[in-house]
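Spelled out from the first residue to the last, the chains are:
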Amino acid sequence: MAMRELVTGGATCAVPGSSSSSSNPLGALANALIGSSSKTQERLKEIPVATPTGPENQFFQDGVPLRTLPGSEQDGAFLPPNAQGSEFLRTFHSAYQNDLADAWDDVQHGPLPHVVSDMRAGTVLRPPPTLDGPPQRMLSGLLHSFVDSSRGGIPFRPAQLPLLGLSERDKQCIRDRSTIMGRHFFADKSEDFINSQVNALLHSLDIDSDVRAKGPLPGRYRELEEYWNESQGMMRPVPHVADGWANEFNQLGVNPGNPESWARSFEQQHGSNGWASEFEQSQLMAADRMRGANLPNMAAMEQSRMLAHTLAQNNDPKFQNSKFLQFVSKMSRGELIIDDNQVKPAPGDWASEFQQQYNSGPSWTDEYLRNRGPDQWADEFTAKREQVQSADDQWANEFSKLHMNDWADEFGQQVAEGVFGEGTANDWANAYDEFMNEQIAMKQQSDSSRGVYVFSDMNPYVGHPNPLKEGQELFRKGLLSEAILALEAEVMKNPNNSEGWRLLGITHAENDDDQQAIAAMMKAEEADPSNLEVLLALGVSHTNELEQAAALRYLYGWLHHHPKYKTLTTPEMPLSFYHADVAGLFNEAAQMSPEDADVHIVLGVLYNLSREYDRAIASFQTALNLKPNDYSLWNKLGATQANSVQSADAISAYQRALDLKPNYVRAWANMGIGYANQGMYEESIPYYVRALTMNPKADNAWQYLRISLRYETSTKGSEKHSFYSMTCTTTLITIPLANFVAPPPGMTCWKLAILGIWMLSKRSSLCNRQAPPVTRVPPPPHSLGQWWRFVVHR
Amino acid sequence: MPAFKIPFNGYSVKFSPFNENRLAVATAQNFGILGNGRVHVLSIPPSPGAPIVETAAYDTADAVYDIAWSESHDSLLVAAIADGSVKVYDTNLPPASNPLRSLQEHTREVHAVDYNPSRRDSFLTASWDDSIKLWTVDRPISVRTFKEHAYCVYAAAWNPRHADVFASASGDCTVRVWDVREPGSTMIIPAHDFEVLYTDWNKYDDCILATASVDKSIRVWDVRSFRVPVTVLNGHNYAVRKVKFSPHRGSLMISCSYDMTVCLWDYMVEDALVGRYDHHTEFAVGVDMSVLVEGLLASTGWDELVYVWQHGTDPRAP
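In the order they appear, the protein sequences are chains S and Y. Here the first sequence stands for residues 1 to 794, where the numbers follow full-length UniProt numbering. Here the second sequence stands for residues 1 to 318, where the numbers follow full-length UniProt numbering.
If we strip away everything but chain S, and leave its shape as in the complex, we get (with noise of 0.2 Å):
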């Protein structure tokens, strides 16, 4: 029975030596403090006899040694159940005989064993801790909703918690207490029910729930070469497989402090040059464990189904208003949300939104994306194996139960049938094909909603003195969305303020989110008609667009309100504009002053719309020529350079652009373009990635990202094949998730995508440019499990 196992796990269960120790890392904190040394060798006080009772003395003399009390020496022994009963009722009614007295005396009398000094062992606390530290009231919070659960039989709904700096043993605490109280509070229900109630908990808290209970497997370096070997080639459909891997690697996950010893003896089979294809293997496994680690989520999500059903069915006014249940219930609601090791009650807009889609969506990819080494995967990986066979039936039903939306659908569908099939890169990648189609259609539905500003939600700049210095100081440095919020607060404190929606919409454009570039622009429009950054900006968002049209009268409104060049125009704007007109308009102006960079920015950009690569190519050297530092000039060059057949070129001209601003995202993916136009999908990955990681709402980016993927995957072979897809599937999930839930700077995600990008550029040696500060690559680790650790835990 495992819950058997669980409970009483031997050894690694029990605790000892920590008879002192506190339970909780205050408590461990206090007794750091004062030390745990209250055993002070004082003599024990004497207890003062207040109320003499019975006739013995109660305090010990020297006498007959302990061993020989009554029955101390057959401890253990036990009679056969039947024929007790006589057997009882004979002692039990010579309860006063004299050989009884006589062994009590024997126990009064014993001697100590050990000086009566040392007895006074007690942990003093003082002062007692604080209790009301905010991961306290964290962990407060999730128990509170564990034990809530309980209440006719709600299943449980785990909420992610951040790290609470859980002692192991404070780990084993939760995970043996609340087994041990879960089997009372949820009586009726069936050991499974049980045993997933309290999953859930220690799940959120990354406990895992049984692993650890066990001890080490001997000689496992050698079966985990074997799984290893087993991983690299297919996945054998045999969940055995995996769940043994997972066990044997989290054994060496759980041995953090032995890094050099599990690299050593790495060595020893792969040779000193293993490393590599070590990691390699290792990201399958990382992989694939997400998948695994993904199971458990979605069956949290159907449990908070039930427990929003079971909530509405209990009628009882205690259970009711019990501040439990309605702690539980607001979570599952998502009116509270987990943030920044706080509860907090969610801001109205996104919560709703994302509710709307994702019934519980705020813990689940809370969950996904918190901390989470390889051991915890591996852990997750193993508590719910039960759960992993018995869902890859039921999955996909349990997902249009939970009404998600379609793209979740598919992807439960394609997790589910490749669990533990082969060509799951190749399933996921479809999967996401599939989203990001839907995707489109749903932005194309919206369509008549263009031009709409959206504002980022929960803006720390809000309330800001001077958000727009802020944000012009964020741009100049290089940090597109911080500054996105900084200017966002701006133009909301300031919604006529031209200048605030210009920068911002140059930020988005730099950020590679042409929509929002262009609703930002136009509202700068609004505020000043006549400003010619802006109706330039205006020209090549639209220009990227593919939008001829809009680019035109935008470009042309820019010659109109140029004091230089608006005689070249008519006074009246034309309903109607023609590429060619346009175009000669410029070319005469570009006559009149050949120094203006601007109008030889105009032109590239027009030529770009007719897709005359050449001409435009040359328009933008010359402003260069006169224009050298200008960034974005460099990235223009280089889009076009792409857009033409010289893709070579164009590397080194975003490698400019990425010079002059390490931030840019738009090169960054334009990088990527580069690299995809001369069919080097295999590079060009790591690029859109990082692009990604820099603005996850980058949706060109994910277009062009989803398209290497695919080529990628479809030409090269099996091996390569899927460790790529491995590595862009964990960008691919991990980026989305930051997508919807996270405020967009400083997400654990991000680390797990960057992860992916240092993973390729180990390999490819692409990623040689030192790194812009959201992206910084940290050297390489001793040995994967610090490296993981090192991503994770930072």
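In short, the hints are calculated from the structure, not lab data. In this text the structure is predicted, and so the values were computed from the model without any measurement. Treat the hints with caution; some may be incorrect.
[Said to hold, decoys possible] The list that follows gives simulated cross-link-like pairs (lysine-lysine, DSS-like), each with its CA atoms no further than 30 Å apart:
| # | chain 1 | residue 1 | chain 2 | residue 2 |
| --- | --- | --- | --- | --- |
| 1 | S | K477 | S | K493 |
| 2 | Y | K5 | S | K171 |
| 3 | S | K171 | Y | K147 |
| 4 | S | K493 | S | K469 |
| 5 | S | K627 | S | K564 |
| 6 | S | K566 | S | K627 |
Using the hints provided, position chain Y relative to the given structure of chain S.
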């Protein structure tokens, strides 16, 4: 009288056998799953309506699951701590001198402690390490360990008449009856089909014991014929956490349950459910009947409240 608010979740409550105004409460943070614990010593006001006041409180590094007053010293308390230790407190000593002792032998959570009412220097602890240990106050190590149960032992209770006999309730679905003079258990009662959470002896009939179980029922057993229960009391809607016999009336019992109620039972009559108190808003896990004041009841639960009331009155009445 008004309920007393405790900072943590209540786990156990015990009237002092010496002082009718004294009450000890065992509490735990986060429902005892993780966190600190605290032992409260409360003073019940002589006049009803006055608030309960705290006279002492002791913090512990882990949850306190149970508490027992010494039967020999009116100021001594024994606490069962979740970190496996058993701590002895003396309320007459200054806080700095407490705990008087910390007895560390159990390897898992200590879930219950019972002081021997006859041999008044000894007590039992029941632990999740599947064992029961016998201690005397003045001995730094346990006198004996009783290890037969196959799962957590949730409670142990001395027989009120026979100083060497006790019963233990375990998650292995059995109740065992032991005589400390015997090497092993003298009787194994397969009391329920689910975990047995508590057991207590009738104070007037030394062969009768009651068991509380996860199966929501309370069963009364006669150890002379333990094949079938004397009676089965149904009425709780969730696992029954504790059941205790009245010190004043032989057939009266009090119980508390995860259904948040406290119930009074008379197992001898047809309608056994004598009263139901619905005052707790979370799991009711601790209950006691005063030995010194007939009909005085106390309960605590995870709603962080301690109630003391006279049977027949509303616990919530101010």
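Practice problem: Run the structure past the numbered hints and jot down the numbers of the failing ones, going up. | Solution: As far as the earlier hints go, not one is violated by this structure.
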